[in-house]
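With the sequences and hints as input, model every part of the structure.
Residue-level listing of the chains:
2 protein chains.
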Amino acid sequence: MTERLVVVGGDAAGMSAASQARRGRGPDALGIVVFERGHDTSYSACGIPYWIGEVVDDRADLVVRTPQEFRDRQAIDVRTRTEAVGVDTAARTVRVRDLDRGREYDESYDQLLLATGAAPRRPDLPGLDGPGVFGVQTLDDGQAILDHLDACRPRRAVVIGAGYIGLEMAEAMVVRGYEVDLVERSDRPMTTLDADLGGRVADAMDGMGIRLHLETDVQGVMHDGDRLRAVATSVGELPTDVVVLGLGATPDARLAVEAGVPVGPETGGVVVDVRQRTRVDGVWAAGDCAEVHHRVSRAPAAIALGTIANKTGRVAGINLGGGYATFPGVLGTAVTKVCGVEIGRTGLGERDAERAGYAPVTATVQTTTKAGYWPDTASMEVKVIAERRSGRLLGAQVVGGAGSCKRIDTFAAALWNEMTVEELLNVDLSYAPPFSPVWDPVLIGARKAWDAVLADLDG
Amino acid sequence: MTERLVVVGGDAAGMSAASQARRGRGPDALGIVVFERGHDTSYSACGIPYWIGEVVDDRADLVVRTPQEFRDRQAIDVRTRTEAVGVDTAARTVRVRDLDRGREYDESYDQLLLATGAAPRRPDLPGLDGPGVFGVQTLDDGQAILDHLDACRPRRAVVIGAGYIGLEMAEAMVVRGYEVDLVERSDRPMTTLDADLGGRVADAMDGMGIRLHLETDVQGVMHDGDRLRAVATSVGELPTDVVVLGLGATPDARLAVEAGVPVGPETGGVVVDVRQRTRVDGVWAAGDCAEVHHRVSRAPAAIALGTIANKTGRVAGINLGGGYATFPGVLGTAVTKVCGVEIGRTGLGERDAERAGYAPVTATVQTTTKAGYWPDTASMEVKVIAERRSGRLLGAQVVGGAGSCKRIDTFAAALWNEMTVEELLNVDLSYAPPFSPVWDPVLIGARKAWDAVLADLDG
Numbered sequence: 001m002t003e004r005l006v007v008v009g010g011d012a013a014g015m016s017a018a019s020q021a022r023r024g025r026g027p028d029a030l031g032i033v034v035f036e037r038g039h040d041t042s043y044s045a046c047g048i049p050y051w052i053g054e055v056v057d058d059r060a061d062l063v064v065r066t067p068q069e070f071r072d073r074q075a076i077d078v079r080t081r082t083e084a085v086g087v088d089t090a091a092r093t094v095r096v097r098d099l100d101r102g103r104e105y106d107e108s109y110d111q112l113l114l115a116t117g118a119a120p121r122r123p124d125l126p127g128l129d130g131p132g133v134f135g136v137q138t139l140d141d142g143q144a145i146l147d148h149l150d151a152c153r154p155r156r157a158v159v160i161g162a163g164y165i166g167l168e169m170a171e172a173m174v175v176r177g178y179e180v181d182l183v184e185r186s187d188r189p190m191t192t193l194d195a196d197l198g199g200r201v202a203d204a205m206d207g208m209g210i211r212l213h214l215e216t217d218v219q220g221v222m223h224d225g226d227r228l229r230a231v232a233t234s235v236g237e238l239p240t241d242v243v244v245l246g247l248g249a250t251p252d253a254r255l256a257v258e259a260g261v262p263v264g265p266e267t268g269g270v271v272v273d274v275r276q277r278t279r280v281d282g283v284w285a286a287g288d289c290a291e292v293h294h295r296v297s298r299a300p301a302a303i304a305l306g307t308i309a310n311k312t313g314r315v316a317g318i319n320l321g322g323g324y325a326t327f328p329g330v331l332g333t334a335v336t337k338v339c340g341v342e343i344g345r346t347g348l349g350e351r352d353a354e355r356a357g358y359a360p361v362t363a364t365v366q367t368t369t370k371a372g373y374w375p376d377t378a379s380m381e382v383k384v385i386a387e388r389r390s391g392r393l394l395g396a397q398v399v400g401g402a403g404s405c406k407r408i409d410t411f412a413a414a415l416w417n418e419m420t421v422e423e424l425l426n427v428d429l430s431y432a433p434p435f436s437p438v439w440d441p442v443l444i445g446a447r448k449a450w451d452a453v454l455a456d457l458d459g
Numbered sequence: 001m002t003e004r005l006v007v008v009g010g011d012a013a014g015m016s017a018a019s020q021a022r023r024g025r026g027p028d029a030l031g032i033v034v035f036e037r038g039h040d041t042s043y044s045a046c047g048i049p050y051w052i053g054e055v056v057d058d059r060a061d062l063v064v065r066t067p068q069e070f071r072d073r074q075a076i077d078v079r080t081r082t083e084a085v086g087v088d089t090a091a092r093t094v095r096v097r098d099l100d101r102g103r104e105y106d107e108s109y110d111q112l113l114l115a116t117g118a119a120p121r122r123p124d125l126p127g128l129d130g131p132g133v134f135g136v137q138t139l140d141d142g143q144a145i146l147d148h149l150d151a152c153r154p155r156r157a158v159v160i161g162a163g164y165i166g167l168e169m170a171e172a173m174v175v176r177g178y179e180v181d182l183v184e185r186s187d188r189p190m191t192t193l194d195a196d197l198g199g200r201v202a203d204a205m206d207g208m209g210i211r212l213h214l215e216t217d218v219q220g221v222m223h224d225g226d227r228l229r230a231v232a233t234s235v236g237e238l239p240t241d242v243v244v245l246g247l248g249a250t251p252d253a254r255l256a257v258e259a260g261v262p263v264g265p266e267t268g269g270v271v272v273d274v275r276q277r278t279r280v281d282g283v284w285a286a287g288d289c290a291e292v293h294h295r296v297s298r299a300p301a302a303i304a305l306g307t308i309a310n311k312t313g314r315v316a317g318i319n320l321g322g323g324y325a326t327f328p329g330v331l332g333t334a335v336t337k338v339c340g341v342e343i344g345r346t347g348l349g350e351r352d353a354e355r356a357g358y359a360p361v362t363a364t365v366q367t368t369t370k371a372g373y374w375p376d377t378a379s380m381e382v383k384v385i386a387e388r389r390s391g392r393l394l395g396a397q398v399v400g401g402a403g404s405c406k407r408i409d410t411f412a413a414a415l416w417n418e419m420t421v422e423e424l425l426n427v428d429l430s431y432a433p434p435f436s437p438v439w440d441p442v443l444i445g446a447r448k449a450w451d452a453v454l455a456d457l458d459g
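Chains as they are written, first to last, in UniProt numbering: chain A, 1 to 459; chain B, 1 to 459.
These are calculated hints, taken from the structure and not from any lab test.
Check each hint, because a few of them may be wrong.
Derived DEER-like restraints, expressed as beta-carbon distance ranges [said to hold, decoys possible]:
(1) 199/B to 106/A: 49 to 59 Å
(2) 54/B to 378/A: 15 to 25 Å
(3) 75/B to 121/A: 57 to 67 Å
(4) 390/B to 388/A: 32 to 42 Å
(5) 359/B to 95/A: 51 to 61 Å
Bear in mind the structure is a predicted one, so any value in this text is a computation, not a measurement.
Ideal placement from N, C-alpha and C gives every residue a C-beta, glycine not left out.
So, in structure tokens, the structure goes:
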């Protein structure tokens with residue numbers, strides 16, 4: 001008998017899972033239906049700021065595989081512009097709405113995968129749902145922004161929130177020639193970096209002409225009729241022609257909650273086990289809508305990132321295809337580039353580490369991406385967070401010029417294996433003058449952190 | 001009472017050790033004398049090809065710290081142009097020759113560190129010791145090459161050996177405008193890479209106009225009186241104005257051997273324990289002249305690399321300064337760039353793995369350094385070598401455009417921790433479109449290798 005897998009959400013997690021399930025079981029054994037609210041499948045949401053910023057020419061470039069390709073090559077019945085509006089876990093049916101034709105119908109399932117992604121944070125403020133205000137979550141969002149820019153030919157933009165997306169969008173708007181105000185509630189941009197590393201990011205933004213308003217609350221968005229006029233903030237009105245929300249995203253678990261599928265009280269993400277099963281029989285979850293285990297804090301987390309969506313989708317899909325796979329958790333690794341500065345982080349920051357119950361010691365070093373004498377060597381800062389006494393690596397952060405940020409991956413591999421900084425400083429990393437000082441920045445960071453651990457013992 | 005540490009060799013290992021020993025014990029407790037045959041201390045030998053190739057302007061750029069700086073800042077009595085010619089381990093004295101004044105004298109020690117480095121391989125062939133033939137080991141060697149190039153204004157160069165140094169020197173000679181022939185005994189350049197990855201390197205060399213003669217033996221170097229004329233090879237004479245030896249280097253353990261300090265029969269390097277002690281009381285060794293433990297092959301190795309010299313020197317120095325440190329071994333990690341192609345390797349190649357008693361399976365993948373749609377994304381190849389059945393990572397190799405080679409560090413960290421490729425494929429590595437596809441090349445390599453391990457089980 002043919003079993004039926006229904007997937008809700010056709011981006012990274014949903015389509016990775018569908019593909020993997022198909023690899024495990026052919027069309028005779030497993031029918032696969034995917035419902036996707038938007039027009040696209042398997043797209044790079046992370047690429048949207050670069051599409052807006054004219055680094056990437058074409059929307060189609062951001063689509064890894066189209067719905068038709070999934071249908072033709074993998075016999076996956078992808079139905080776009082179709083929104084799941086309810087789940088009956090007892091009857092094992094999903095209620096869906098065909099957004100173009102306006103009709104609703106029920107689809108039955110044997111196994112259901114929730115891959116509903118994340119929703120951009122929208123504070124409950126006046127005017128935020130009005131015209132000219134945009135999130136950056138889907139390609140349709142990106143298209144809406146571009147259509148608005150074409151239509152209203154703006155001069156000024158306000159970006160709310162100075163996290164990854166906010167910074168990337170602020171830069172994209174500057175590239176397009178707009179005056180950009182960036183409003184951030186906290187005392188620095190990029191709060192996923194420790195405060196001592198954030199300065200270089202703020203300087204770079206300043207150098208590009210972005211006006212950064214820190215410790216500033218947004219009070220609302222003001223319109224004149226249908227026309228956007230300004231953003232009201234705690235430091236006054238910022239006149240603008242377009243508003244971009246860069247406040248990050250939270251798990252979109254509405255469907256799960258309504259269906260009685262448990263979500264984590266702290267994260268708002270669907271609770272899953274290591275195989276991506278929810279607590280309801282026959283229901284699975286993967287990607288941004290699900291919780292993940294953070295391997296260093298040892299707590300559940302919700303992190304909206306394509307890497308995690310792909311990996312958890314793959315694990316769910318292997319299991320749904322009759323195989324066995326587990327997802328071992330995350331480290332909170334992330335990189336970006338804003339205004340020419342590369343930024344990377346993994347594991348816990350200093351404060352995070354304290355909150356997680358560790359006693360951290362830290363070391364911050366100034367070094368270079370290449371041999372000091374190499375013509376285009378760039379400066380970089382490395383901060384390493386280690387546990388008192390044991391010296392266990394807890395996290396690392398890097399900020400610097402070209403060639404800085406991917407070094408975070410080596411820290412991530414060390415962190416994954418619960419290495420101490422003393423062990424790490426001896427690892428046989430590569431060296432050649434065009435790529436590294438003879439002690440790679442990773443090793444220098446580990447050495448200085450080990451010195452700090454020893455000094456702390458003496459002190 | 002003041003103890004006396006004598007160090008023979010003032011480059012990376014010797015000076016790292018001297019510095020560390022000084023950190024551990026002040027001048028009242030420990031007198032430190034360093035004998036160095038050449039003019040320089042602590043220089044970047046790896047930078048010499050780039051000095052010749054005019055990427056680096058000045059010899060002084062390659063010197064990390066001068067003898068005078070060691071004397072002034074760390075009270076280390078560095079005596080350059082002073083060659084150690086014999087050791088009496090019973091009397092605990094070193095016989096040295098002052099090369100400029102021609103006199104010899106004995107220096108007594110309580111502890112002796114041998115950091116005599118490596119000597120470039122010079123096959124025993126006619127003419128090889130004649131004028132116009134150069135090794136590339138010390139800054140003095142580099143200066144000798146440059147002086148020769150200035151004096152004879154050459155048109156043609158022959159490089160013997162297509163390893164790291166040979167390739168880098170061939171490129172440097174092309175940059176200077178010479179016609180370059182590169183002669184290599186084996187069937188491909190860069191034999192530290194598996195054969196299937198070497199093709200791209202050969203293509204890149206060809207693209208730069210380097211004439212590569214593979215499977216070609218050098219029979220001798222021919223002179224007309226004092227003038228270099230040609231290199232005689234198994235495929236005929238190659239006329240030339242300068243010959244560079246790029247045949248790699250072997251441990252320079254002559255002093256140790258003559259003093260009865262045991263060297264490894266396979267490596268020719270001084271046998272040391274994890275603290276860098278030789279088998280003779282009071283005698284230590286570090287850097288290129290010493291053996292290292294290879295963590296994957298589980299055999300002793302001799303690898304002439306600044307990274308290892310710095311690390312083993314540091315370990316020796318901590319111990320000599322009254323502390324405790326051990327050196328955990330190497331992976332054989334190395335990177336370089338030749339003719340625009342980045343190359344990296346760590347662990348064992350396919351053949352190495354078989355020789356070490358492993359049953360390897362491999363996977364080679366074509367991927368990109370950045371998101372596929374990113375404007376200047378470059379292609380790269382990743383080969384992963386894993387153990388049959390267990391899936392344990394044994395080695396990895398990468399070849400590709402800008403941004404490829406430092407990824408080998410992540411493999412190195414995984415290899416260090418004896419991860420399986422199944423574990424590795426889930427590691428939380430970073431992603432952003434300017435830096436990586438959503439599955440980083442490291443993860444794609446691990447995934448395909450795990451597929452290969454599973455297919456091998458089925459097969």
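Structure-based check of all given hints:
no.	hint	in the structure
1	199/B to 106/A: 49 to 59 Å	56 Å, holds
2	54/B to 378/A: 15 to 25 Å	21 Å, holds
3	75/B to 121/A: 57 to 67 Å	60 Å, holds
4	390/B to 388/A: 32 to 42 Å	36 Å, holds
5	359/B to 95/A: 51 to 61 Å	54 Å, holds
Hint violations for this structure: none, all hints satisfied.
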